[in-house]
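Start from the sequences, fold in the hints, and give me the full structure.
2 protein chains.
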Amino acid sequence: MTESRAAATSGADRTGQPVAFSDPQYTAAVIDLLGAIGYGEISAFERLAEDAKLAPTLEDKFALASMAAVELGHVGAIRDRIIELGGDPFAAMAPFRAPINAFHDHTAPSDWYEGLVKAYVGDGLAADFYREIAAFLDHGTRDLIVESLQDTGHSEFVVERVRRAIEDDHRIGGRLALWGRRLMGEALSQAQRVAAERDALSALLAGGVDRPGLDLAAIGRMFTRITERHAERMAELGLDS
Amino acid sequence: MTESRAAATSGADRTGQPVAFSDPQYTAAVIDLLGAIGYGEISAFERLAEDAKLAPTLEDKFALASMAAVELGHVGAIRDRIIELGGDPFAAMAPFRAPINAFHDHTAPSDWYEGLVKAYVGDGLAADFYREIAAFLDHGTRDLIVESLQDTGHSEFVVERVRRAIEDDHRIGGRLALWGRRLMGEALSQAQRVAAERDALSALLAGGVDRPGLDLAAIGRMFTRITERHAERMAELGLDS
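As they're listed, the protein sequences go chains A and B.
Numbering follows the numbering used here, with no gaps: position 147 of the first sequence is 147.
Numbering follows the numbering used here, with no gaps: position 160 of the second sequence is 160.
Bear in mind the hints are in silico, worked out from the structure with no lab data behind them.
Beta carbons are placed, not taken as given, at the ideal position from N, Cα and C, and that holds for glycine.
Take the hints with a grain of salt, since some may be wrong.
[Said to hold, decoys possible] Residues of chain B clear of chain A, computed beta-carbon distances all greater than 10 angstroms: (1) Ile42; (2) Glu46; (3) Ala65; (4) Asp80; (5) Gly86; (6) Arg142; (7) Arg175; (8) Asp215.
[Said to hold, decoys possible] Computed Cβ-Cβ distance ranges for the label pairs, DEER-style: (9) A:Gln25 / B:Ala77: 56 to 62 angstroms; (10) A:Arg221 / B:Ala77: 52 to 58 angstroms; (11) A:Asp111 / B:Ala98: 43 to 49 angstroms; (12) B:Gly213 / A:Ala91: 33 to 39 angstroms; (13) B:Thr227 / A:Asp169: 51 to 57 angstroms; (14) B:Glu147 / A:Gly174: 32 to 38 angstroms.
[Unchecked claim] Which chain A residues face chain B? A few, computed with CB under 10 angstroms, are given here: (15) Lys61; (16) Leu72; (17) Val75; (18) Ala94; (19) Glu147; (20) Ala217; (21) Ala218; (22) Gly220; (23) Arg221; (24) Met222; (25) Thr224.
Following this line, the structure appears as structure tokens:
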């Protein structure tokens, strides 16, 4: 766990920016990462708003729509920070449209319960992944990311609805467990695609002269942690992972 | 204008509720009205989120999605107030699904600019209408309604985009002017349907022993005001009304 605690740097230069930003590659990588998170949140909004149509009741629809609105509410701070760093926020998001849209296209829920599991498990996976990366960044960026990944505050609602559905019909549990595994597989496959294509992000994880990086073993441990937390979320829903 | 300034009552009984609520018909009418506003906001969220798909750029999509999120953000306070008044919020919203959905089905934008005009003009119309009714209610309800109808804070964005489109292509102005009139017509037609079907709401407008009501002339003046404000909004967008 030590590598995930290592901050990029805690010093600051005369402009008040952490010294890490004197490295243009670091700045580019942070803008890239914020672009990914920002587009992920806009996209999560769109898909949750879409999936809310599957809600069996107006109350359920309102609950899922509220999760969508919370996701979108985080985008403003991400956008502002990219501008502060000298980037163009919507241009920074653009490279992530294809992989994130592909994830959503491959995981379009076929019913309300698949939508609920996706909202809970997909959101959790993305948050864990970005939080792991954030551990390698300067304090300011890290806090912004952690803040923007705050739970949408509707987890209890999802857990309660999914557990009740499984109680009513046990076959739903088997189907949703398969669905959870597929969400995990698709997420990993798209994350790998992003890592392969985005040099700045990969370089960030590899570290720099003044910054510790991740070796293969550390990346392995990171994925173990993400997988474990996925399993905990599935268990929370009453599902095998 | 005097009738729109008349408060239902400014006194309060021992429970702290305005005395108006000692009349079960008044309470029923307020719950009905809040149900209409609440469903209107959930529905506006859904349609704005849907129309955001038509956005030509990610920035535009984010702007319309933000309007959707603001609409949804108002629903919580409406829901809580209905519960305080002893009502079931989602049951209170149910009677308004058909007319409000019919409005949206009849006014599905065929492109991005129709979506923008609808967001601006439709939202403004609904807000004016509810504010007119709110003027007849107790202070607490009136403040809640006015609060929940606050501008979504993105008007400038809509005005700028629509005006620029008309500058680029004058024919767009003609088409959008027709569209604005259609929005007004559909809104009036559904409002009339609601008034005819919801006795409690109609009784509210008609007044009571302790409460001034609207006579036909006053209703006429109310519609004149709503129409004038609609024309102002259309002019703001650079459109004939």
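Here is what the structure says about each hint:
1. Ile42: Isoleucine 42 of chain B not clear of chain A: closest Cβ-Cβ about 6 angstroms, inside 10 angstroms.
2. Glu46: Answer for glutamate 46 of chain B: violated, closest chain A Cβ roughly 7 angstroms.
3. Ala65: violated (5 angstroms)
4. Asp80: holds (12 angstroms)
5. Gly86: holds (17 angstroms)
6. Arg142: Label holds. Min Cβ-Cβ 24 angstroms, cutoff 10 angstroms.
7. Arg175: For arginine 175 of chain B, whose nearest Cβ neighbour in chain A is about 27 angstroms away, the distance exceeds 10 angstroms, so it holds.
8. Asp215: About 36 angstroms separates aspartate 215 of chain B from the closest Cβ of chain A, which puts it past 10 angstroms; holds.
9. A:Gln25 / B:Ala77: 56 to 62 angstroms: 47 angstroms Cβ-Cβ, so the 56 to 62 angstroms window is violated.
10. A:Arg221 / B:Ala77: 52 to 58 angstroms: Hint violated: Cβ distance 46 angstroms, outside 52 to 58 angstroms.
11. A:Asp111 / B:Ala98: 43 to 49 angstroms: violated (24 angstroms)
12. B:Gly213 / A:Ala91: 33 to 39 angstroms: violated (57 angstroms)
13. B:Thr227 / A:Asp169: 51 to 57 angstroms: With a Cβ separation near 54 angstroms, threonine 227 of chain B and aspartate 169 of chain A satisfy 51 to 57 angstroms, so the hint holds.
14. B:Glu147 / A:Gly174: 32 to 38 angstroms: Violated, since glutamate 147 of chain B and glycine 174 of chain A (Cβ atoms, about 47 angstroms apart) do not stay within the stated range.
15. Lys61: With a minimum Cβ separation of about 7 angstroms from chain B (threshold 10 angstroms), the hint on lysine 61 of chain A holds.
16. Leu72: holds (5 angstroms)
17. Val75: holds (6 angstroms)
18. Ala94: holds (7 angstroms)
19. Glu147: Given a least distance of 17 angstroms, the restraint on glutamate 147 of chain A is violated.
20. Ala217: Where the cut-off is 10 angstroms and the nearest Cβ of chain B is about 38 angstroms from alanine 217 of chain A, the hint is violated.
21. Ala218: violated (34 angstroms)
22. Gly220: violated (35 angstroms)
23. Arg221: Hint violated; arginine 221 of chain A Cβ to chain B Cβ min 35 angstroms, cut 10 angstroms.
24. Met222: violated (29 angstroms)
25. Thr224: violated (34 angstroms)
This entry does not satisfy hints 1, 2, 3, 9, 10, 11, 12, 14, 19, 20, 21, 22, 23, 24 and 25, going by the numbered hints stated previously.
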